[in-house]
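**Student:** One letter stands for each residue in the lines below.
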Amino acid sequence: MDVKKVVLAYSGGLDTSVIIPWLKENYGCEVVCFAANVGQGEELEGLKERAINSGASKIYIEDLSAEYVKDYIWPTLKADADYEGYLLGTSTARPLIAKYLVKIAEQEAADAVVHGATGKGNDQVRFEVSARALNPRLKVIAPWRLWDIKSREDAIAYLQERHLPVPVKKKRPYSVDRNLWHLSHEGADLEDPANEPPGDLYLMTVPPEKAPDQPTFLEIGFDQGVPCTIDGQAYDGVALIEELNKVGGANGVGLWDMVENRLVGMKSRGVYETPGGTILYRAHQALEMITLDRDTLHFKQIVAQRYAELVYNGLWFSPLREALASFVDETQRTVTGTVRMKLYKGNCAHVGIVSPFSLYDEGIASFGFSELYDHKDAAGFINLFSLPLRVRAFMKERVEQK
Amino acid sequence: MDVKKVVLAYSGGLDTSVAIPWFKDNFGCEVICFTADLGQEEELKGLEERSKRAGASKIYIKDLKQEFVEDYIFPTLKANAVYEGKYLLGTSISRPLIAKYLVEVAEAEGADAVAHGATGKGNDQVRFDISLQSLNPSLKVIAPWRIWDLGSRADAINYAIARGIELPVSRGPYSTDRNIWHLSHEGADLEDPAKEPPGDVLMLITPPEKAPDEPAYVEIGFEQGAPRSLNGRRTDAVAMLQELNRIAAAHGVGIIDMVSNRLVGIKSRGVYECPGGTVLYYAHRELEYLTLDRNTLHYKEGAAHRFAELCYDGLWFSPLREALSAFFDETQKTVTGTVRLKLFKGNCISAGATSPYSLYQEGFATFGRFELYDHKDAQGFINLFGLPLRVRAMMKKRAGLKK
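Just so you know, the sequences run in chain order A and B. For the record, in the first sequence the residue sitting at position 20 is 20 according to the working numbering, with numbers rising by one throughout. For the record, in the second sequence the residue sitting at position 342 is 744 according to the working numbering, with numbers rising by one throughout.
The set of hints was computed from the structure by calculation and includes no laboratory data. A virtual CB, placed ideally from N, CA and C, is assigned to each residue, including glycine. Treat each hint with caution, since some may be false.
What the hints assert, rightly or not - With the Cβ distance kept under 8 Å, some of the chain B side facing chain A (calculated, not the full set):
| no. | residue |
| --- | --- |
| 1 | 695 |
| 2 | 698 |
| 3 | 708 |
| 4 | 722 |
| 5 | 725 |
| 6 | 726 |
| 7 | 729 |
| 8 | 732 |
| 9 | 733 |
| 10 | 787 |
| 11 | 789 |
Unchecked claim - Just a sample of chain A residues kept apart from chain B, beta carbon distances all over 10 Å, derived:
| no. | residue |
| --- | --- |
| 12 | 42 |
| 13 | 189 |
| 14 | 213 |
| 15 | 348 |
Please model the complete structure; the sequences and the hints are all you need to start from.
**Tutor:** Written out as structure tokens, the structure reads:
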């Protein structure tokens with residue numbers, strides 16, 4: 001493959017540090033790095049020097065947190081989309097990173113983009129499908145599918161042989177992906193689903209056993225499905241999630257341990273920390289309980305399932321995802337109000353829901369009489385609702401007699 | 403019930419003609435009539451005198467064809483919504499529009515109730531009542547058929563004769579509903595689904611056996627899912643549908659005979675004539691085959707099913723119907739192009755489709771080499787696509803499972 005210039009999605013970790021010299025050796029190409037800040041909370045300042053020392057010609061560092069929240073997290077939250085229970089933290093970040101990889105590649109007139117995802121995971125699919133959906137002419141290089149490096153030790157040896165800096169060795173054995181929305185753990189002893197996650201695994205969340213003995217209450221305000229206040233105070237999206245991560249994490253909220261079906265056909269075990277996200281999903285669903293009618297709510301649950309599959313499978317930039325988002329937006333017009341949440345040792349429950357657009361009417365649901373609901377109507381309703389079953393019962397009687 | 407002024411959805415037929423004196427007898431109220439012109443092609447001119455002679459104080463006759471086509475038919479077409487695989491929802495989607503204007507007239511007139519002539523056994527009572535209630539929950543809705551003692555057509559005729567009301571000309575033994583989209587037939591000998599519809603039941607469509615021996619070609623141009631031109635001529639939606647109805651009907655296209663599940667729990671048999679609609683649905687689908695990706699097309703089929711239920715069940719003015727329309731509209735952004743069809747003795751046959759947004763690339767589907775598609779990719783794709791089943795097969799072997 002003839003490649004003169006590439007843009008690499010660079011994290012500063014071991015893999016992408018090896019990729020820079022590997023690309024130069026194998027393609028003789030210029031390597032431009034791109035690092036996205038999606039709230040991973042790691043040091044981004046030293047990155048420039050490290051990338052250049054590893055052999056990159058240039059690095060772009062962009063803060064995408066606000067865009068990530070507004071255009072990726074909120075639409076997913078409005079849909080109530082979860083994949084087999086997973087709140088899609090990594091899945092929603094990849095298309096955004098791909099979007100900027102493509103943008104920089106076009107700006108730099110590069111002929112390929114590169115990512116450090118392995119050949120066994122979902123992320124390779126998400127990066128590449130997104131990049132191709134945005135620019136079908138760009139080549140995509142995934143070194144993990146090409147090179148002979150098989151392990152961490154191989155990678156370190158590769159750098160040492162070339163007298164290149166080796167990023168500080170992590171003490172933790174787990175593979176981690178972190179952003180503003182969540183933190184995922186995979187690998188090592190977690191690979192056996194028979195093993196309970198060790199107590200020191202969590203980085204954002206206090207284990208429920210160690211959480212405070214007193215519950216914490218907070219009130220979240222939504223405007224058309226989008227969270228915008230905590231306890232009456234306005235927050236921008238990024239600050240709101242940071243604050244809820246803090247409070248949720250302190251109360252042991254948002255741990256999710258699962259075996260999931262990867263798109264590439266295998267099952268894998270992951271442990272996720274999504275403290276703020278869990279609070280927001282629960283609160284949002286609580287608000288929808290009083291503001292959406294039955295038909296919309298039920299249909300939306302099916303939409304959410306498909307939406308989650310698309311996001312998980314890397315099809316963010318697809319017509320169906322966009323059309324489903326239009327559906328969801330239309331349903332959110334009255335999803336406005338406040339939800340009071342109680343956080344207590346891993347529990348996260350709504351304890352008070354208020355909306356100017358509530359469809360819940362105490363007078364109808366309680367046992368009093370009201371003009372809207374006449375008990376006598378129920379007889380006719382039930383007679384007609386059950387009519388097909390009565391007809392069927394008559395049919396069976398008739399057939400059995402014969 | 404205290405009612406001073408009522409607005410009645412008036413067709414000029416027997417039921418609504420009888421309803422006028424019945425209201426005055428039973429409520430002592432003023433009766434205002436409202437008639438929507440939805441393309442039923444019946445004489446609307448005599449209606450004013452007839453309604454007044456029956457005792458109405460006033461009648462509103464409104465041409466709603468344009469609104470019906472643009473705001474009710476086209477959204478349903480964009481969805482490809484079909485109820486139970488056959489019915490193109492002609493009556494279902496007209497009721498909410500009539501209800502909308504009933505409410506408008508009632509509010510303008512300061513009436514305290516609206517009324518319709520639908521019976522207590524059908525879908526239309528539900529569609530009228532629910533649409534009316536969703537638009538103005540304070541208005542009373544009166545459905546005389548659920549209240550009065552008239553049990554049959556003969557009772558109604560006697561009631562009319564006793565009060566000197568002139569009887570409308572009978573339209574044959576069947577109960578029909580007609581608008582620009584379709585014509586439905588129910589009742590009489592059609593009630594037995596074992597019987598083929600008699601040759602004379604059809605009013606619009608030439609039976610296929612009698613259709614011309616030469617096919618007709620039509621070319622329909624769509625813009626974002628809505629038909630905008632016929633045979634290369636851009637026309638307004640109403641004129642185009644009327645023209646298409648004429649051509650398709652002449653070639654025996656659009657006869658639908660079905661037993662459907664009414665919302666009230668009854669199965670009923672209906673025969674529908676939907677010539678232009680059948681052609682438009684067929685053409686629209688052809689264009690979507692070219693322009694929609696697999697995921698969107700497949701999901702849209704499921705959504706269409708739910709949309710059809712909502713329309714059929716009278717839930718047009720509901721948040722789910724509106725949200726689904728937002729979904730469909732988004733899918734239709736590239737459903738632009740032209741479709742050529744051959745109409746021949748009841749058949750509607752594809753004869754070529756083109757779109758500037760076509761996703762079909764000849765180079766792919768045929769066996770040529772192409773940069774985008776490398777045959778070798780298929781090996782990896784199939785290995786991973788089938789991986790869960792291979793893992794399962796290995797597990798079964800390991801665990802000694804036979805089945």
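**Student:** Next step is simple, just say for each hint if it's right about the structure.
**Tutor:** Hints and how they fare:
1. 695: holds (6 Å)
2. 698: It holds, given that the least Cβ distance between residue 698 (chain B) and chain A is near 4 Å, below 8 Å.
3. 708: holds (6 Å)
4. 722: Nearest chain A Cβ about 4 Å off; hint holds.
5. 725: holds (4 Å)
6. 726: holds (7 Å)
7. 729: holds (4 Å)
8. 732: holds (4 Å)
9. 733: With Cβ-Cβ at 5 Å, under 8 Å, it holds.
10. 787: holds (7 Å)
11. 789: holds (3 Å)
12. 42: For residue 42 (chain A), whose nearest Cβ neighbour in chain B is about 32 Å away, the distance exceeds 10 Å, so it holds.
13. 189: Its Cβ never comes within 10 Å of chain B, the nearest being 22 Å, so this holds.
14. 213: holds (43 Å)
15. 348: Check passes; 28 Å lies beyond 10 Å.
Every hint from the earlier list agrees with this structure, and none is contradicted.
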